[in-house]
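Peer 1: Based on the sequences and whatever the hints tell you, model everything.
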Amino acid sequence: MSKTTEKKSAAHKSYSAQIWHQFKKNKGAVIGLVIFILIVIVAIAANFVFDYDTDIVGMNSAQRLLPPSLEHPFGTDQMGRDVLARVCYGAKYSLLIGVVSVLISVVFGSIIGAIAGFVGGTVESVIMRTVELLLMIPGLLLVILIVYCLGATIPNLMLALGLSTVPHFARNARAAVLTVRGNEYVEAARAIGSTGPKTLFKHVLPNALSPILVQATSRIAGCIIDAAGYSFLGLGVPAPLPEWGAMLSDGRGFMREYPFLEIFPGLAIMITVLAINLVGDGLRDALDPKLKR
Amino acid sequence: MSMFKKFSKKQTAAATHDPATFDGEYVLNVENLNVRFETDDATVYAVNGIDLKLKKKQTLGLVGETGAGKTTTVLSLLNLVPDPPGVVSADRIEVNGREVTKMSAAELQTMRGKEISMIFQDPMTSLNPVMTVGDQIAESILLHENVDKKTAAKLAGDMLETVGIPAERGSEYPHQFSGGMKQRVVIAIALACHPNILIADEPTTALDVTIQAQVLELMNGLKEKYQTSMVMITHDLGIVAETCDEVAVMYAGRIVEKGTLEDVFRRTKHPYTEGLFNSLPKMNDRSSKLTPIPGLVPDPTVIPEGCAFAERCPYAKESCFTKHPENRWVSDTHMVVCDAYDDPDFHIKRGR
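Chains A and B, in that order, are what the protein sequence lines are.
Start counting the first sequence at 854; every next residue gets the next number (our numbering).
Start counting the second sequence at 3; every next residue gets the next number (our numbering).
A few of these clues could be false.
Unchecked claim - Here are the simulated distance ranges between beta carbons:
hint, chain 1, residue 1, chain 2, residue 2, range
1, B, Ser106, A, Ser869, 25 to 31 Å
2, A, Val972, B, Lys59, 38 to 44 Å
3, A, Val883, B, Tyr228, 50 to 56 Å
4, B, Glu163, A, Ile884, 46 to 52 Å
5, B, Gly99, A, Thr975, 32 to 38 Å
Derived from the structure by calculation, the hints contain no laboratory data.
Cβ atoms here follow ideal geometry from the backbone N, Cα and C, with glycine treated the same way.
Peer 2: Here is the structure:
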């Protein structure tokens, strides 16, 4: 990949280079991307800077509930743990949950949706009716059900969040594939003897990717909020882990006297979600064929 | 990925029929082809009993108005008529002597592109916008020839050179090409595996006139080079005159007149063909108004009792509306479907 991009001059832009060119024009999107990258860096660095046992879960009763200061910029919580350290360390969980659960729903949802849209007929009816059946169960109930059955761990939460949005991705992918399927180049591919799966994965899906990609980006933000919400309800990440939603939940008893316990994890969620949404909006605009070139 | 690789390998192994070894007289032999589209509201009778024969290295022109069933006819040769709603029935659809309707999916896939290939009307939409043109040509080669990716890419480059595009431009995307160059790429894809039958569905309609000439010249040259037989769909009679050996004029899903180029152009028999010629601008009288054929193409959901053209035909008799005209051969090569010739003295105005 890198070899081919090096060879290309500015005039000969690949498809992805064009999208990047469009994306760069959108200031909000670039700011969002920068913030997002910073958060990713913080999440990775926190792993090395803080020691899990002492800094993140270790109790220190001498320093309980200190307000923000130079030593503890975000203050300390009821166990005497530094909130800044916990917020930074928690970024990892929020990002992972967001990305992995969306990956689950994108992969499953897009593939079954794409197959439904591409094959049509009975296959489509069976897949789409099943998907609609799943849609009838409220997302919250589905997650509660899955987490209740499998246990409240991070992988189970990811799975639950991922599965609960599979129907939405399937419907979106089907719609995207339907618009692409009728194009002449798909028929042309069949006319040179391309097989069904090859046509779907080489010609149809790459062209139907834009709406799926846009939906996926905005869904990452949604998943982070949902995960925080479920953790707050006690369905998500178990207690000592510094997941942002769990931190909000832990601190809610002290909210009145020590608002910083809620403000900082809340801000972290807000900024992350905002950054991802900005990136998603920028991506949507850059992928919009009407604005291209 | 590996799953699909395996899939395509199995497929190339299944390919045994080499078009070069086919020694029958007709590379295409279609008898009594009927195609209808059954929708909830109505049944559209697109093609109604067509016979087509194409000899080796010959070019057949399929001429007719929009909706005459030209494209549907050729799509059924590739078994690409969308089903549902399309229903194809025929006594015979043979490509290189093999019955298309009896082929398995794998056989069809090896036939398409290797034995019979198609150039689509609009080069703007018949190329995949997110694949480089080189990859798109190589795809066809990889599907049909037992070569590795590197060789396929090289062959694709050669093919680009053949159609007059520098091989380096293979790494570019379709939007970086002009319309004429895109159509060259489409031609390169269609001919990449040297099929012995090429179907060109209005290959120049979307191009401007100067580019049309270039593309036609290129197609004629390549056709000679690869000894390809060709079916040329068009409504441009000038293109027919330039490229075709034989002509079939289609109207409302039927062939109304067919014969050699000379037969149809010089000894025109059918009133519809006459109307087509009359509607051309006249070279020596540029101020004269165009003479269109009056009326509209009949509703394809209704099969007319008599001749489909009767309502628009200046020579129509009462019997034309009730009795379907017979195929009559006016010479060994020339067929016309018109009952006016029951009267031995009848001739159309143009024929005078």
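Peer 1: In this structure, is the beta-carbon distance linking Val883(A) and Tyr228(B) contained in 50 to 56 Å?
Peer 2: 52 Å, holds
Peer 1: Given the hint of 46 to 52 Å, is the C-beta distance from Glu163(B) to Ile884(A) inside that range or not?
Peer 2: 47 Å, holds
Peer 1: That 25 to 31 Å hint for Ser106(B) and Ser869(A) (C-beta), does it hold up?
Peer 2: 38 Å, violated
Peer 1: Taking the beta carbons of Val972(A) and Lys59(B), is their distance inside 38 to 44 Å?
Peer 2: Given about 39 Å between the Cβ atoms, the range holds.
Peer 1: Determine whether the Cβ-Cβ distance between Gly99(B) and Thr975(A) falls within the hinted range of 32 to 38 Å.
Peer 2: 35 Å, holds
When each numbered hint is compared with the structure, a violation occurs for hint 1 only.
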